[in-house]
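Student: Given next are the chains, with one letter for each unit.
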Amino acid sequence: MTTTSSAPGGLAPRPGSAPRARILAAQTRAEIGMTLRNGEQLLLTLVIPLLLLVGLSKLPTDVVGHDPAIDAVAPGIIALAVISTAFTGQAIATGFERRYGVLKLLGATPLGRSGLLVAKTLGVLAVEVVQMLLIAAVAFALGWHPVGNPVYAVLLVVLGTAAFSSLGLLLAGTLRAEATLAVANGLYLLLIALGGVVIPADRLPATAERIVSLLPSAALGQGLRDVLLHGTGLPVQSVVVLLVWTAVGGLVTARTFRWS
Amino acid sequence: MTPAAVVLEGLHLRFGRTVALDGLSFSVAAGSITALLGPNGAGKTSTVEICEGYRRPDAGSVRVWGLDPRRDGTALRARVGVMLQDGGIYASSRAVPMLRHLAAFYADPLDVDDLVGRLGLESVRATYRRMSGGEKQRLALACAVVGRPDLVFLDEPSAGMDPQTRLAAWDLVEQLRRDGVTVVLTTHLMDEAERLADRVVIVDHGRVVAQGSPAELTAGLEVLTFAAPESLPLDGLAAHLPDGCVVSESRPGHYRVEGDVGPQTLSAIGDWCSSQGVLPRELATGRRSLEDVFLDLTGRELRS
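In the order they appear, the protein sequences are chains Z and X. In short: position in the first sequence from 1, add 24, done, that's this note's numbering. In short: position in the second sequence from 1, add 544, done, that's this note's numbering.
Calculated directly from the structure, the hints in this document are not laboratory data. The model shown is predicted, which means the values in this text are computed figures rather than measured ones. Beta carbons are placed, not taken as given, at the ideal position from N, Cα and C, and that holds for glycine. Worth double-checking, as some hints may not be accurate.
Chain Z side only, calculated, beta carbon under 8 Å to chain X, not exhaustive [said to hold, decoys possible]: (1) 132; (2) 136; (3) 206.
A few chain X residues that face chain Z, going by a derived Cβ cut-off under 7 Å, partial list only [stated by the list, open to error]: (4) 596; (5) 600; (6) 619; (7) 631; (8) 634; (9) 692; (10) 694; (11) 719; (12) 760; (13) 805; (14) 810; (15) 814; (16) 815; (17) 817.
Only chain Z is shown next, with the shape it has when bound in the complex (with noise of 0.2 Å):
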């Protein structure tokens, strides 16, 4: 194998791409791994949903408002999870490779841009497979007995994960890398605590919760406890909700998003 290209020359043209599965494959496991072997990637998409997990099942079932607290609890952090992923890892890595001009010369290689769009999304999808198992595991042994239909909180997750991908690809196409990191990590904290994830929104002043529940976070949120906690059927208003911020989010980032 190695003969060819250590004689002298061995340079010589044999242009090719390789199979188009094979590419995304290689790109979507290059995304897995940059995840994984990151620590502050680490730190937003494990440590602190499984933090949370554990804390908030150990607050008084009053504060939580209900009992066990890991019901109630489980189900935002699995929203929680879905938003640390798609929206601010996602946003942040990207706005960096965008920096970096990565997007700009993988958009130059046979795996073009399209290709890294498909792996971007793949490889989300397989780290929120990592964070569901984690924290399945985790609220299981916390005694969480999820009840509703699990192909509708799967859904949920999915276009979960459609709407906080486009609104994270929406900051990182337009802003500086530096301003996309401060975004991010801000409005995290902010969904965390007002955005309807993990503390219901019916719990905030009525005028606050009409408008909170038509984020994106707290039809997420909400419809993961609906289905999971209230085994109601499919949440019409949370799935409506995140269709419409998937279609404008991503109306607008196909309009915006620069690719240097």
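Got chain Z sorted already, so can you dock chain X onto it with the hints?
Tutor: Same frame as chain Z, now just chain X:
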């Protein structure tokens, strides 16, 4: 007639009110090394970015291997290698894993271990963000060629390299040409253009101001230089020089006569110097360098 790898015709590009390209046209012969030479802001990077499909010109036509880089991007991405000024490499990546990753995109890539050896990257263990400027540049060059392209665009390839690594990079570029790869590079380094390029395209203000082989560009005019006390009254000498010769004090105490330099020029200078009572030292004649041509065409004043 060799087929053209790149044909650019009448490219116009504006950024707001700034004219980046103003009717730029040239072509690149297959298997050659072409250097785009020009001062900062001349339009070199914009030109390369149009060839790479990153930008659409406001007007004009672009053909790379006969294809439109925007419309036929998929076909071209498999065969065109790109080295960007801003690297394009993951900050947390090390050299070999990055190259192996990119190599997986291609059907028949170069052997990564061999490639890092050629560029002296085998001992570089740092992540990209901690590499020296020269290491970063060599890795970016390796990324451009790892897929065995038949055309590579190198934007300022030797910026930030020390003399040793620059030689390694130049060796690689020359080897690429010997193996039949077409190379287009941008540079503002005369020695780089003179050493590597079969053809030099001098670009300024978004237009081609001259092109040809380094020998063609420096042919014709001769130059005579000498050293003497500062601030001699050159008007008197100019009057004695044959027609077509121009004299100037290129820096204090250094004089330069350009044009149709011949034996009469030399004797006119000798006569005039003796009338001034000065001895011309370091007297030399020669061809104009590419730098002279470049500075004559693009002006000697500094640009911000």
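Student: Now tell me, hint by hint, if it's right for this structure.
Tutor: Evaluation of the provided hints:
no., hint, in the structure
1, 132, "4 Å, holds"
2, 136, "6 Å, holds"
3, 206, "18 Å, violated"
4, 596, "6 Å, holds"
5, 600, "13 Å, violated"
6, 619, "9 Å, violated"
7, 631, "5 Å, holds"
8, 634, "6 Å, holds"
9, 692, "4 Å, holds"
10, 694, "4 Å, holds"
11, 719, "6 Å, holds"
12, 760, "28 Å, violated"
13, 805, "43 Å, violated"
14, 810, "48 Å, violated"
15, 814, "53 Å, violated"
16, 815, "57 Å, violated"
17, 817, "54 Å, violated"
Of the numbered hints listed earlier, those contradicted by the structure are 3, 5, 6, 12, 13, 14, 15, 16, 17.
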